[in-house]
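First residue of the sequence shown? That's 12 in this note's numbering, and the numbers climb one at a time after it.
FYI, nobody ran anything at the bench for these hints, they're computed from the structure. As the structure is a computational prediction, the values presented were derived from the model and not from experiment. The reader is advised that the hints may include incorrect statements.
To be verified - For lysine-lysine, the following DSBU-like pairs were computed, each having C-alpha atoms within a straight-line distance of at most 30 angstroms: (1) K129 with K227; (2) K227 with K61; (3) K227 with K69; (4) K61 with K129.
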Amino acid sequence: MRMQFLWHGIGLDMGMDNKPVTAARNEEMPGVTDDRLWMTLSNAGYATLKQMQNNIRKIAPRPGVLVLIHTQEIPRPHSTFDSVLLSAMDACTHLQLARFYFVSSLAATIDFLEFLVKTFPFPIAELRTDQSQLFSSNSARQTEHRFTLAAHRIGIRHSIRDLPGDDMESHLRRYFFESGIHTPGTQEDDEAFMAQLQRFLFFHNHHRSLLTLDGKTPIEMLRDFDAYRDVRIFDPMQDARGR
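Given these sequences and hints, build the entire structure.
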């Protein structure tokens, strides 16, 4: 049973190659017992996990070296504009914060940038975003984009994710908050959305044991670094409703 858990939690979740499964389950290969099957799956999943952990440590050896930003557009059927939830996660510690904006706009991204700098307990070296219009431009050089310029002015490099098939970053992005709640504009729905977001962030940062952190929670990973050893709580929801 333990090996079955390891396969489900590591192999399938990490997007690993399915060749060991195909070989082990091939009916033309006699003598493959359940124990051997799960050992094969467990070993393959463990190798994939260790490779991913090593890749993360190479690109983000300490907090703030790389912060990933995730954009979730939230339709508002009775409004001219869509809302947006902007989330950010430190690649090293997996600490995550988010902010909800009633209107998806460039101004929201600039405000979110200021929120990140103020809220994360460490300086940020690089922010990596997707290619949405909020962060990139097809008509002008990227260095002239307002978000890129705003980040550069405070000493932060802005990069754009251009490898959608990258297993490591794709896996990390699965840790972001995803809500099934739409916010059509009623106060009740907005409050339900914010409550759901608050519960998720507190759980993720303080209680979510993650395989890519060797079973540690994000706050525990942060405390592994001497400069943050005394940090006991990370509450990014003190001001999570943007302008």
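(message) Are any of the numbered hints broken by this structure? If so, which, sorted upward?
(response) Per hint list: single violation, 4.
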